[in-house]
Amino acid sequence: MSTGLNDDDRKTFAGIADVLIPAAEGMPAASEIGIQGEILDKVLGFRPDLRENLLRGLRAVKGKAAREAAEFLNKTDGTAFGAISLAASAGYYMDPKVRKLIGYPGQENRPYNADETPEYVRNGMLKVVSDRGPIYKPTPK
Amino acid sequence: MASAGSDRRGESADVLIIGAGASGSLAAKHLSENGFKVVCLDQGPWVDNKEFAGARPEWELMAQKRWHPNPNVRDLENDYPVDTSESDVNPLMYNAVGGSTILWAAHWQRFMPSDFRVKTLDGVADDWPFTYEELEPFYEQAEEEIGVSGLAGDPAFPPGKPLPLPPLPIGKIGMKAAEGMNKLGWHWWPGPNAIPSKSYRGRNACVRRGTCLTGCPEGAKASMDLVYWPASLKNGVKLITGARVKEVLVNDRGLATGAVYIDRQGRERTQKAGIVIVCANGIGTPRLLLLSTSKRFPNGLANSSGLVGKRLMMHPYAAVTGVFEEPLESWLGPAGQTIQSMQFYETDKSRGFVRGAKWQVMPSGGPLGMRAAYGGRPLEEAWGANLHRNTKRVFGHAFEWGIIAEDLPEESNRVVLDPKLTDSDGIPAPKLIYKNSENTKKLIDFHLARAQEAMKAAGAVSMTITPLMRDCGWHLMGTARMGEDPASSVIDQWGKAHDVPNLFIYDGSTFVTSSGFNPTGTICAVALRCVKHLIANRRDQEIAA
Ligand SMILES: Cc1cc2nc3c(=O)[nH]c(=O)nc-3n(C[C@H](O)[C@H](O)[C@H](O)COP(=O)(O)OP(=O)(O)OC[C@H]3O[C@@H](n4cnc5c(N)ncnc54)[C@H](O)[C@@H]3O)c2cc1C
Ligand code: SF4
Numbered sequence: 001m002s003t004g005l006n007d008d009d010r011k012t013f014a015g016i017a018d019v020l021i022p023a024a025e026g027m028p029a030a031s032e033i034g035i036q037g038e039i040l041d042k043v044l045g046f047r048p049d050l051r052e053n054l055l056r057g058l059r060a061v062k063g064k065a066a067r068e069a070a071e072f073l074n075k076t077d078g079t080a081f082g083a084i085s086l087a088a089s090a091g092y093y094m095d096p097k098v099r100k101l102i103g104y105p106g107q108e109n110r111p112y113n114a115d116e117t118p119e120y121v122r123n124g125m126l127k128v129v130s131d132r133g134p135i136y137k138p139t140p141k
Numbered sequence: 001m002a003s004a005g006s007d008r009r010g011e012s013a014d015v016l017i018i019g020a021g022a023s024g025s026l027a028a029k030h031l032s033e034n035g036f037k038v039v040c041l042d043q044g045p046w047v048d049n050k051e052f053a054g055a056r057p058e059w060e061l062m063a064q065k066r067w068h069p070n071p072n073v074r075d076l077e078n079d080y081p082v083d084t085s086e087s088d089v090n091p092l093m094y095n096a097v098g099g100s101t102i103l104w105a106a107h108w109q110r111f112m113p114s115d116f117r118v119k120t121l122d123g124v125a126d127d128w129p130f131t132y133e134e135l136e137p138f139y140e141q142a143e144e145e146i147g148v149s150g151l152a153g154d155p156a157f158p159p160g161k162p163l164p165l166p167p168l169p170i171g172k173i174g175m176k177a178a179e180g181m182n183k184l185g186w187h188w189w190p191g192p193n194a195i196p197s198k199s200y201r202g203r204n205a206c207v208r209r210g211t212c213l214t215g216c217p218e219g220a221k222a223s224m225d226l227v228y229w230p231a232s233l234k235n236g237v238k239l240i241t242g243a244r245v246k247e248v249l250v251n252d253r254g255l256a257t258g259a260v261y262i263d264r265q266g267r268e269r270t271q272k273a274g275i276v277i278v279c280a281n282g283i284g285t286p287r288l289l290l291l292s293t294s295k296r297f298p299n300g301l302a303n304s305s306g307l308v309g310k311r312l313m314m315h316p317y318a319a320v321t322g323v324f325e326e327p328l329e330s331w332l333g334p335a336g337q338t339i340q341s342m343q344f345y346e347t348d349k350s351r352g353f354v355r356g357a358k359w360q361v362m363p364s365g366g367p368l369g370m371r372a373a374y375g376g377r378p379l380e381e382a383w384g385a386n387l388h389r390n391t392k393r394v395f396g397h398a399f400e401w402g403i404i405a406e407d408l409p410e411e412s413n414r415v416v417l418d419p420k421l422t423d424s425d426g427i428p429a430p431k432l433i434y435k436n437s438e439n440t441k442k443l444i445d446f447h448l449a450r451a452q453e454a455m456k457a458a459g460a461v462s463m464t465i466t467p468l469m470r471d472c473g474w475h476l477m478g479t480a481r482m483g484e485d486p487a488s489s490v491i492d493q494w495g496k497a498h499d500v501p502n503l504f505i506y507d508g509s510t511f512v513t514s515s516g517f518n519p520t521g522t523i524c525a526v527a528l529r530c531v532k533h534l535i536a537n538r539r540d541q542e543i544a545a
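Residue numbers (full-length UniProt numbering), protein chains in the order written: chain A, 1 to 141; chain B, 1 to 545.
Worth flagging that the hints you see were computed from the coordinates, not collected in a lab.
From the three backbone atoms N, C-alpha and C, an ideal C-beta is built for every residue, glycine too.
You may find that some hints are simply not true.
Said to hold, decoys possible - DSS-like, lysine-lysine: derived pairs with alpha carbons at most 27 Å apart:
| # | chain 1 | residue 1 | chain 2 | residue 2 |
| --- | --- | --- | --- | --- |
| 1 | B | 65 | A | 100 |
| 2 | A | 141 | B | 161 |
| 3 | B | 37 | B | 161 |
Stated by the list, open to error - Derived coverage of chain B by chain A (criterion: at least 3 residues anywhere in the stretch with Cβ under 8 Å from a Cβ of chain A; other residues may be distant):
| # | stretch |
| --- | --- |
| 4 | 145-157 |
| 5 | 251-257 |
| 6 | 315-323 |
| 7 | 348-357 |
| 8 | 426-432 |
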């Protein structure tokens with residue numbers, strides 16, 4: 001399905017995305033991972049509800065310098081800013097390279113052994129709690 | 001007993017259940033295995049595990065819309081809108097086979113003995129018509145059927161039978177929080193969850209994906225479509241999905257005779273039954289009763305007390321999130337609770353309020369969730385180089401002490417029919433009028449202060465405080481309360497409406513007080529107690545011909 005975004009829209013989006021997510025602290029800028037291309041299409045594919053607000057925002061600031069555009073939308077159209085910033089940050093953090101850099105494996109499957117005695121039982125941490133005795137009020141007679 | 005899948009349109013059922021959520025699913029299973037011919041109507045569809053985004057990169061993005069717990073945000077056809085313009089809190093729910101348990105976190109809590117005796121102990125609200133001890137065997141049976149994981153011996157509760165499954169891992173976040181609690185000498189215990197730590201009765205073991213609140217892709221978490229429906233369908237229950245009930249019908253004798261519903265083709269249909277059980281949750285149930293007016297019941301069905309819709313309780317929720325130097329892998333599940341605390345649960349009047357709250361430690365999700373609440377603030381605060389700095393500092397290094405505050409029943413907090421708003425079938429939608437009381441405000445302030453101490457003791461380097469989360473109405477209770485006296489309650493202790501002898505309510509609407517605990521363990525135990533009583537007394541039960 002076409003997202004209805006033209007090249008100008010994508011360029012505006014990339015500019016704002018880089019203001020929000022610049023190259024800094026060892027992390028790449030949003031446009032360096034291609035936020036305005038396939039990533040944006042993917043985000044809008046998952047969240048078609050964002051499209052209208054995102055487009056309205058991008059078109060309202062067409063031609064403005066990126067920082068000015070971002071500031072303007074943040075002040076004047078929270079919904080559009082919300083859609084643009086969510087699309088940018090969601091796309092960014094879905095990217096495998098970015099995930100690797102922040103040490104996030106995604107919501108992974110992590111095996112464990114349910115029969116193993118938990119550490120807090122082995123080391124006596126929980127025993128101090130039980131040793132203090134009951135703390136509930138019984139049913140009044 | 002009829003065979004599975006037979007078409008009973010036009011045919012009368014022994015029992016009609018409205019709502020296939022926690023209480024309705026449990027009731028359908030028990031009635032059908034005891035030979036009752038059951039029809040269950042739910043406005044929602046079946047949800048396939050594969051639809052959940054938990055195991056995919058887009059998980060957090062989808063969590064903010066498709067799998068959002070607020071029906072007004074999700075805005076699906078199977079949802080109904082709720083007017084919250086006069087409510088401090090948004091109600092959360094899911095409308096499908098399994099009901100809200102599709103999205104629930106599966107924290108499994110019993111109430112404490114004092115919860116059933118609030119009037120006697122604290123001089124406020126009311127006592128329940130039964131005690132903790134009377135409910136205990138039903139807790140035990142429900143825990144067995146549903147598959148609860150946890151560790152026996154919690155000194156916050158009376159001793160009882162161990163849970164059927166060993167506890168889930170508490171992770172680094174649980175250990176960290178527990179260390180803090182031990183420094184202070186405060187209570188903590190590994191949290192019980194209705195999530196199997198080993199494969200259990202056809203469900204897979206939890207793999208700690210941590211996405212329980214947006215649906216469990218592993219088929220592990222106890223959502224009632226998986227727990228009860230396979231057996232109920234085998235027993236011949238006819239489950240009609242996409243069936244939105246608009247009215248419970250009554251005859252001249254004042255007995256319920258069935259219900260009118262609208263199917264997904266927009267056709268109006270009638271399902272007849274000898275007995276009707278409403279399980280549409282604390283908002284859906286009063287909505288339906290208020291919609292069901294007749295000459296005999298002009299103010300809504302079973303509403304001679306005027307209490308239908310009143311005494312809504314939703315458990316205001318506050319939280320303290322702590323950030324730690326060391327990595328805690330705080331995206332790991334279950335979510336689900338890792339540890340809990342009842343240190344400040346029971347009333348201590350010297351605090352200046354009555355009742356208390358349960359605390360729980362929960363993981364803090366992925367990198368995107370952290371950004372959700374930043375709109376409108378100066379750009380540089382949340383974005384730019386700060387974004388990267390904050391992510392590195394907080395992501396994977398934070399967890400939350402959540403506080404579930406007991407709110408007391410007040411008649412002014414209520415569900416009414418909205419004069420204008422309707423669902424997609426044109427049926428009037430509910431409106432909530434709900435304000436926090438002074439007692440609740442004082443309670444939350446006290447608990448937030450203590451939770452900050454707990455975070456500090458655990459070694460948090462910084463904290464964020466959420467005084468009251470607006471999207472926190474996970475627990476919907478009290479809008480058709482039970483009691484002995486028909487003048488001051490809607491149903492009796494067996495779920496039977498005082499005004500309509502073959503109409504029952506089994507969901508959280510029946511709660512007399514809210515406790516400070518996640519309610520579904522008690523919803524299930526109470527529904528089980530009610531349905532077993534109905535089965536045992538079937539010969540004396542009045543039914544519509
Ligand atoms: C995000 C989230 C997290 C939660 N976490 C926890 C937790 O950790 N622990 C806990 O104890 N509880 C938790 N809860 C609450 C728990 O899910 C509910 O208490 C429980 O599911 C309520 O059961 P019920 O039978 O009353 O209603 P529900 O499970 O809500 O089911 C009601 C059903 O009725 C149907 N219905 C309503 N009206 C109509 C109508 N007019 N026609 C046809 N069908 C209708 C709905 O479609 C729905 O399927 C959570 C809830 C949410 C939303
Ligand atoms: S943590 Fe366990 S219950 Fe929760 S979604 Fe993952 S597998 Fe399911």
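Here is what the structure says about each hint:
1. 65/B - 100/A: 26 Å, holds
2. 141/A - 161/B: 23 Å, holds
3. 37/B - 161/B: 33 Å, violated
4. 145-157: holds (count 6)
5. 251-257: n = 0 at 8 Å, threshold three: violated.
6. 315-323: Since three or more residues must qualify, the claim that chain A covers the stretch 315-323 of chain B is violated, with 0 doing so at under 8 Å.
7. 348-357: violated (count 0)
8. 426-432: It is violated, with 0 qualifying residues against the three required.
Checked against the numbered hints given earlier, the structure breaks hints 3, 5, 6, 7, 8 and satisfies all the rest.
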